[in-house]
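Engineer: Chain by chain, the residues:
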Amino acid sequence: MKAKRFITNTFVHILLAILSFIWVLPIFYVLLTSFRKESGSYKSYIWPRGFTLDNYANLFKPTSQIDFFRWFTNTLIIAIFSTIIAAFFVLCVSYCMSRLKFKMRKPFMNIALILGMFPGFMSMIAVYYILKGLGFLETGVLKQVALVMVYSGGAGLGFYMAKGFFDTIPKTIDEAAYIDGATKWDTFIHVTIPMSKPIITYTLITTFMGPWVDYIFAKVIMGNDTKYYTIAIGLWTMLEKEYIEAFYTQFYAGCVLISIPISILFVLTQRCYVEGLSGAVKG
Amino acid sequence: MGALKKNKLQTTSGRPSDASVGEAISKGNVLTRCSLFVFGLGNILNKQIVRGLIFLAIEIAYIYYMATFGISAIGNFMTLGTKEQGQTYNEALGIYEYTAGDNSMLFLLYGVITIVLTLAIIFIACMSAKSAYCTQLRKERGMHIPGIKDDLRSLREENIHTGLLALPIIGIIIFTIVPLIFMILIAFTSYDHEHQPPGNLFGWVGLDNFKTMLGQGSKLAATFWPVLGWTLIWAVFATFSCFILGIILALLINRKGTRIKGFWRFMFVLSIAVPQFVSLLSMRTIFNANGPVNVLLRELGMLGATESIPFFTDPTLAKITIICINLWIGIPFTMLSTTGILQNIPADLYEAAKIDGASAFVIFRKITIPYIVFVMTPNLITSFTGNINNFNVIFLLSGGGPDTLDYYYAGKTDLLVTWLYRLTITQKDYNLGAVIGILVFIILATLSLLTYRHTGSYKDEGAFQ
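One line per chain: the protein sequences are A and B, in this order. 0 is the number of the first residue of the first sequence in numbering that gives the first Met the number 0; add one for each residue after it. 0 is the number of the first residue of the second sequence in numbering that gives the first Met the number 0; add one for each residue after it.
No lab work stands behind these hints: they were computed from the structure. The beta-carbon is built from N, C-alpha and C at its ideal position, and this holds for glycine as well. There could be a bad hint or two in this list.
Unchecked claim - Below 25 Å or equal to it, Euclidean Cα-Cα: the simulated SDA-like pairs (lysine to any residue) are:
#, chain 1, residue 1, chain 2, residue 2
1, A, Lys240, B, Lys427
2, B, Lys365, A, Asn8
3, B, Lys46, B, Ile147
4, B, Lys353, B, Lys427
5, A, Lys240, B, Thr305
6, A, Lys240, A, Tyr44
7, A, Lys131, B, Phe68
As the list claims (entries may be wrong) - Stretches of chain A that chain B covers, calculated by requiring three or more beta carbons in the stretch to come under 8 Å of a beta carbon on chain B:
#, stretch
8, 220-227
9, 230-239
What the hints assert, rightly or not - Computed beta-carbon distance windows for the label pairs:
#, chain 1, residue 1, chain 2, residue 2, range
10, B, Leu379, A, Leu133, 40 to 50 Å
11, A, Arg69, B, Glu298, 20 to 30 Å
12, B, Leu326, A, Arg69, 32 to 42 Å
13, A, Ile259, B, Glu83, 34 to 44 Å
14, B, Leu404, A, Lys196, 52 to 62 Å
15, A, Met108, B, Leu295, 45 to 55 Å
16, B, Ser153, A, Val144, 44 to 54 Å
17, B, Ala60, A, Val144, 21 to 31 Å
18, B, Leu295, A, Thr62, 27 to 37 Å
Between the sequences and the hints, there should be enough to build the whole structure, so can you do that?
Structural biologist: The structure is reproduced here in C-alpha cells:
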C-alpha cells in the first residue's frame, strides 16, 4: 500500500514537472529572445550565440517610426482616464441594479444581456464613422480622447460582477443609514462604496488593463498616426514585414517590459476577485 | 396575474409620481393631455417654471433640428441617396472635375441618429405628460407642488437612479446601441467593396444578403457553412478540452500527496498573467516554419535541413495546432477556478461520507465531481459562447490562414468573427460583415436562451435580497 502510494506520488510529481516545463517554455523563449545579441528574426539554432541588454536600452532611443517610451506614456494616459470613467459608470449601474427598485430595472438588465451577445467589434466600423462625423479623428490628441471614449463609453454594460458583489451587502446596513437620516446618495457614497474596496479595485484594474492589450479598436482609430499609438499596436508594428528583421529582438524586450506590470496587476485582481466573490460582510 | 392587478390598483390610489403614461392620458385633464404635445405646459402653468422650461427647451431644440436637418435626413435615409458622383469636363482648365454626389453612408448614419433622437423625444413626451399628470394629482389632493429645488433634492433620494444611470446610459446609447443599429441596417444594403461612398451609392436590398449567405450555389454560401461548421467544432473542442483537462490538473495539484502546491499553481498561472497578444504572437513564431520547434526537430535529425512541419500552413494540422495551443491558454483558467471550488466544498460532506464508509474513489465520484459540475456549468456556457467569439486566439495565431481559393476571402481556420473582421476591415464588404454579425448573434442568443434560463443564477436572482 505504502509503496503504491509512493509510486503514484512520484508519477504525479513528474507529470506536473513536465507539464509546468511545457507551460513555462514559451515564456522562457520570450525572455531568451529579448536578451539575444544577434538581431534578425528566425535563426537556424535555438540557444542565442550571445547575450546583451541593448535590446532594452534601444527601446528607449526613439526612431522616427518606433518610439516605445512615447507609446508607453500614451497608453498610460489613455488607461488612467478610461479607467476612471469606466469604473464610475460600472459602479453607478451596478449599484442601481442591485439596490434600487425601479420600473426599468429588469428591462435594462435584459437589454444588457442581449447587447452582450453581438460580436464586440461588429459595430467598430460604425463607431469609427460616428467619431469621424463628430470630428474626433482630426488630430492625434483628439484621437486619444476618442479612444478613451470608446474604452469607457459602453462600460456601463459590464455591471454583472459588481452587482453580484453589491447583492451580498445586507440591506439592513442601508436601512440603518436611512433611519439615521441619510439620503440614498449619502448611503451610496458613505456606506456602500467604502465597503466595496475589493470590487472597486477589481473593476479599476480590469479596465486599466484593457488599453494595454487591445489593438483592434486602437488600430482602427489611430490609423497610421504612429506618434499616438498605444503600446499594443506599437509592438504589433514591430512585427510587420519592413521592421521585423531590425526589431525582432526589441519586440520581445518590449513584451517583457509590459508583461511585468500587467502580471503584477493580474495577481492583484485575483486576490480582489476571490475577496469579491466571498462577499462584503464576512460571516 | 393577481399580484400584477393588485399592483395596478395600488398605483392608481398611490403616490402621484408612480402614475403610468396610459393613465396620464386617459385620466388627465386637458392641460395634461396637451403636455404630450407642448412639453412642460402642465408644469409651467402650475408654477413649476424651471422644470417646464427645460421640457419646452428640449422640444424646441428637437423641432429646430427636424426643420433644419432631420426631415431631409429621414427622406435621404429612405433612398440612401440618388445623385451619383459625376465627372464634368472643365473646358477652361482642360481637366475632368468631380461633382459631389450623395454619400449613402452618411445618409444612413444621419438617418439612424434622427430615428434615435425621435425615439428619445417620444420618451420625453411621455415624461412630460406624466410629470403634468403628477402635478395635476398633487394639486387636486392639495399636496405640496415640488419646485426645482425639490426636484434636485429628489435626485439624491427617490430618483437617485435617474442621476446615477443618466451618463452610463448615454454612453451605452452612443457607443453601443447606435453603432449596432447602424450595422444591423447595413446588413440590408448593398454596402460592399463595389459600392463605396463617396464615389458610389449603395441602396436597400432587403434580405438579398441573407439569401446569398445562407442559400445554395454561391461562393459565399460555400464559405459560410464550412466556416460555421469549424466555428462550432472549435467551440466544442476548445471548451470541453480545456474544461476537462483543467479540472484534472486542479485535482492533481490539490491531491493530498502533492507537495509544493503553491509552486505548481504559480507555474501554470504565469501563462495567464502574460498579456495574450504577447504569448500568442510568440507562440506563432515558435511554431513558424523556421521557428524554434522546427529548428529543434532539425537539430535532432528528425527533419531534413530544409524540411519543416507545416503547423499553420496545412489546413488540418493548423486546426489541431490551434486547439492544442488553446489548451496552453485555457487550462490554467479552469485550473484556477476549479481550485477555488475544491476549497469551498463543505468539509462535513466528506466527513459524513467517510463515516458511512465510502471509499476515496466513491467520495470523489459522488461528491467532488457532481459539486464541480454543478458550480461550473454557468462558467461552461459562458466559455462556450466566448469561444465562438474567440477572436484573439485565431487572429493572432494563424490569422485565419491557410487561405484558400474555395472560400470567399476566408482561410481554413477562420471563425465567423475573424471572417467578419476580414470582410469589414480588409475587404470592405460591410454588408456581409453585418450579416455574419447578426447570424452570430442569433446563434449565441438561441444557445444562451436554451441554457442560461436553466441555471440557478437566473432563476433566483434575488436569492440574496
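Engineer: For each hint, tell me whether it holds in the structure or not.
Structural biologist: Against the structure, the hints:
no.: 1; hint: A:Lys240 <-> B:Lys427; verdict: holds, 23 Å
no.: 2; hint: B:Lys365 <-> A:Asn8; verdict: holds, 23 Å
no.: 3; hint: B:Lys46 <-> B:Ile147; verdict: holds, 10 Å
no.: 4; hint: B:Lys353 <-> B:Lys427; verdict: violated, 65 Å
no.: 5; hint: A:Lys240 <-> B:Thr305; verdict: holds, 22 Å
no.: 6; hint: A:Lys240 <-> A:Tyr44; verdict: holds, 21 Å
no.: 7; hint: A:Lys131 <-> B:Phe68; verdict: holds, 19 Å
no.: 8; hint: 220-227; verdict: violated (count 0)
no.: 9; hint: 230-239; verdict: holds (count 4)
no.: 10; hint: B:Leu379 <-> A:Leu133: 40 to 50 Å; verdict: holds, 41 Å
no.: 11; hint: A:Arg69 <-> B:Glu298: 20 to 30 Å; verdict: violated, 40 Å
no.: 12; hint: B:Leu326 <-> A:Arg69: 32 to 42 Å; verdict: holds, 37 Å
no.: 13; hint: A:Ile259 <-> B:Glu83: 34 to 44 Å; verdict: violated, 56 Å
no.: 14; hint: B:Leu404 <-> A:Lys196: 52 to 62 Å; verdict: holds, 57 Å
no.: 15; hint: A:Met108 <-> B:Leu295: 45 to 55 Å; verdict: holds, 52 Å
no.: 16; hint: B:Ser153 <-> A:Val144: 44 to 54 Å; verdict: violated, 33 Å
no.: 17; hint: B:Ala60 <-> A:Val144: 21 to 31 Å; verdict: holds, 25 Å
no.: 18; hint: B:Leu295 <-> A:Thr62: 27 to 37 Å; verdict: holds, 33 Å
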